[in-house]
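Visitor: Make the complex out of the two chains shown on their own, each in a separate frame, by following the hints.
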Amino acid sequence: MSPLRALLGREISLAWGRGGGPLLALGFLAAVTTLMPLALGPAPAPLAAVAGGVVWVALALSTLIALERLFQRDFENGALDLISLGPLPLEVVAAVKCLAQWLVTGAPLALAAPIAAVALGAPARAAPLIALVSALGGVAFAFLGGTGAALALASRRGGVLIALIVLPLLIPPVIFGGAAIGAFEAGLPYLTGLAFLAAYSLAAAALAPLAMAGACRNALS
Amino acid sequence: MITRLHIEALSIQRGERVLLSGVSAAIKAGEAVALTGANGSGKTSLLRAVAGLVRPSAGAVRFEGVAEADEARRGGLHLIGHQDGFDPGRPARDELAFQVRWLGGEAGAATAAAERLGLARQLDLEVRRLSAGQRRRLALARLIAAPRPLWLLDEPLAPLDAPSRGLFGEIMAAHLAGGGLILAAVHDPMPIQARILEIGA
Chain A
444 MSPLRALLGR EISLAWGRGG GPLLALGFLA AVTTLMPLAL GPAPAPLAAV AGGVVWVALA
504 LSTLIALERL FQRDFENGAL DLISLGPLPL EVVAAVKCLA QWLVTGAPLA LAAPIAAVAL
564 GAPARAAPLI ALVSALGGVA FAFLGGTGAA LALASRRGGV LIALIVLPLL IPPVIFGGAA
624 IGAFEAGLPY LTGLAFLAAY SLAAAALAPL AMAGACRNAL S
Chain B
1373 MITRLHIEAL SIQRGERVLL SGVSAAIKAG EAVALTGANG SGKTSLLRAV AGLVRPSAGA
1433 VRFEGVAEAD EARRGGLHLI GHQDGFDPGR PARDELAFQV RWLGGEAGAA TAAAERLGLA
1493 RQLDLEVRRL SAGQRRRLAL ARLIAAPRPL WLLDEPLAPL DAPSRGLFGE IMAAHLAGGG
1553 LILAAVHDPM PIQARILEIG A
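Those protein sequence lines, which keep their order, are chains A and B.
Mapping of the first sequence onto the working numbering: residues 444 to 664, in sequence order.
Mapping of the second sequence onto the working numbering: residues 1373 to 1573, in sequence order.
Hints listed in this document are in silico derivations from the structure and should not be mistaken for laboratory results.
Heads up, the beta-carbon is just placed ideally off N, CA and C, and yes, glycines get one too.
Don't take each hint at face value.
Claimed, not checked - Beyond 12 angstroms from chain A on every Cβ pair, some chain B residues (computed):
1) Arg1427
2) Ala1432
3) Ala1479
Said to hold, decoys possible - Some chain A residues near chain B, calculated using beta-carbon distances under 7 angstroms:
4) Ser445
5) Pro446
6) Leu447
7) Ala449
8) Leu451
9) Ala491
10) Ala492
11) Gly529
12) Asn661
13) Ala662
In isolation and in its complexed conformation, chain B is listed as follows (with noise of 0.2 angstroms):
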């Protein structure tokens, strides 16, 4: 379970170019931090590289409460982008169940979690029926699905409407309840308590 999410003077060069220099940062379990900046100041590269896809040229991410950066990356962190990781061609309720299997839920439960976020009658679609929102909650429901400690979410409100926010809202409220973290990459106001974390400014 990771307790305590470090980023310490990290940054992302991709060939010449420096997407992120020297961002540091501290999550504790129970706390949301919402980074801000401008569009292309390196927001979604700090996630990913987070994630362990994005290697960084300087600094580190360190996990507190699990033995090394892998174990977290294998099992204890979300990363919702801005592509959803469904096939558009299968019916969602099988693409919704695989990523619940494969990061560690039971397929039983991704069928409630999208019952949750509304989507009972979208399930047998194909995911190309369903509109930006819809996919975007179908992949929320991944989170809920299988339980995992810290959230990497980049822009997660942007196609969801009024509601779905709300929704959205309070299943991230929870989470920092049991003890989540949550770092997310966003434009709007979070509709939870959240620490700022400007970068590119």
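If we strip away everything but chain A, and leave its shape as in the complex, we get (with noise of 0.2 angstroms):
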């Protein structure tokens, strides 16, 4: 389908540079992961006992920074208007946007994010779960964190109040995530939390275009 593939193959480049791309998420996740153990002191132990979590909160707040002008420029410069004229309704295009989203920066940071676990000392047997708890993670962050980009596309102050919005959404998916992660770690059974995680996430990529899209067309009437 034309206009789809045209549709993401702008979003995508639209992401790549907005708010520094995936770089920039990836250099905030590499600078949670460096001052951690300045703040912390230099012993092994009680770094490793927190590796998982802090890289998973990390990660969180990562993909989050990308995201405050996720409609604001086309927005601001009428392309959205351009956009509801076009064959496909606004829910798909917020759908699209978010999954352009999660491709440039949830993904590299899905990679990221176990290397930089192991480096705090977190067990190199959990990387691979924690890549899977990222990327699932990503798609939720991606979708809520565009529905509060959505909602404050109207308002000046966008960025405070999408992270009110926003931090509140996020809640649930932290704690799944990091049980699955510390539940893995301490030996216990760890698919409780994944499943919830990964029921969060697509409840989320189901429902929020709905919230985006209604939010675009009150934004622009």
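Guide: Following this line, the structure appears as structure tokens:
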């Protein structure tokens, strides 16, 4: 389908440049990973205990950095007007935008997260699970962050508003993902946390486009 | 294919403020209507209401020749507004190609249309490097490259120089001859034969 491919191509190219793209998100993750041992002290034991959780939280926050302007630029330069006169409904457009955002920043972060965690002292056998949790959680972060970005469209202090709207919604996936990583490292059953995280991400991907499209229509009228 | 546009007693309100009240008009295929009126008389709001971006508080917009209004808006009309919808950081060629493909045209037609409007050398520049007139011509290129019957134009001539105005007059005349409809908000006289609809008088 040509219009859909055209849109995905444009969104990926925009996500690449918007807010520094993948480099900024990866840089943020690297900064947190580097600063954490300096703050907690050099002893390996306490670091290793929190490594998985710290990386997971850093990941949640670094996905949000790039999301602020997900809709803002298109709204300001009139591209959203044009896009709403196209063949696909705004719900699909919103989903494509979030998907492109995940491909450009979420996927590289999911690859980098296990490296950061292992560097902090997490067991190497947890690396595949950390990558899986990061990839799954990244979907939820992208769609929830997109919802915040769309709701903040017509307001001036958008960034603050996004944080207020989105942070409460990020609590469940952070808990589920953190629990799965913690349980695995402790040798306990971890599939429950993983399943809850997957369910939450799928629900976000299914429901958030409706909210984003509604918020965009509201901002345009 | 839209054969007729009916605007029926259209009113638009933003909160307590009335932007437009009781405007009626009909445009048939092959006809151009010049929407005139003072600044702030609601010309832009009227165009956006026809495009479905603004919900009217009363009245209706009907399209003849298509099953429902949604279908007309998804595939039957162009809106050229004050903002052209180009991302300033991307090359003009990519942005135009995206817009044209999104609106149902071919990427090859986009280049041809830009060349016809004299933008062959500007296509590889970032959109931010183009002048206001060049950007407007780039936006007009999508009218040619993605054929749609109803053109909603918001002061299309304002940033254009005299030769471009003449050229765009020819393009509009060709569109009307092919059964198109044009509703344009203007302050200057249109370079083609157009019925005048004054609002806010």
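Visitor: Take the hints in turn and mark each one as holding or not.
Guide: Checked hints:
{"no.": "1", "hint": "Arg1427", "in the structure": "violated (6 angstroms)"}
{"no.": "2", "hint": "Ala1432", "in the structure": "holds (16 angstroms)"}
{"no.": "3", "hint": "Ala1479", "in the structure": "violated (8 angstroms)"}
{"no.": "4", "hint": "Ser445", "in the structure": "holds (6 angstroms)"}
{"no.": "5", "hint": "Pro446", "in the structure": "holds (5 angstroms)"}
{"no.": "6", "hint": "Leu447", "in the structure": "violated (9 angstroms)"}
{"no.": "7", "hint": "Ala449", "in the structure": "holds (4 angstroms)"}
{"no.": "8", "hint": "Leu451", "in the structure": "violated (10 angstroms)"}
{"no.": "9", "hint": "Ala491", "in the structure": "violated (43 angstroms)"}
{"no.": "10", "hint": "Ala492", "in the structure": "violated (44 angstroms)"}
{"no.": "11", "hint": "Gly529", "in the structure": "holds (5 angstroms)"}
{"no.": "12", "hint": "Asn661", "in the structure": "violated (10 angstroms)"}
{"no.": "13", "hint": "Ala662", "in the structure": "violated (10 angstroms)"}
Hint compliance for this structure: hints 1, 3, 6, 8, 9, 10, 12, 13 are broken, all remaining hints hold.
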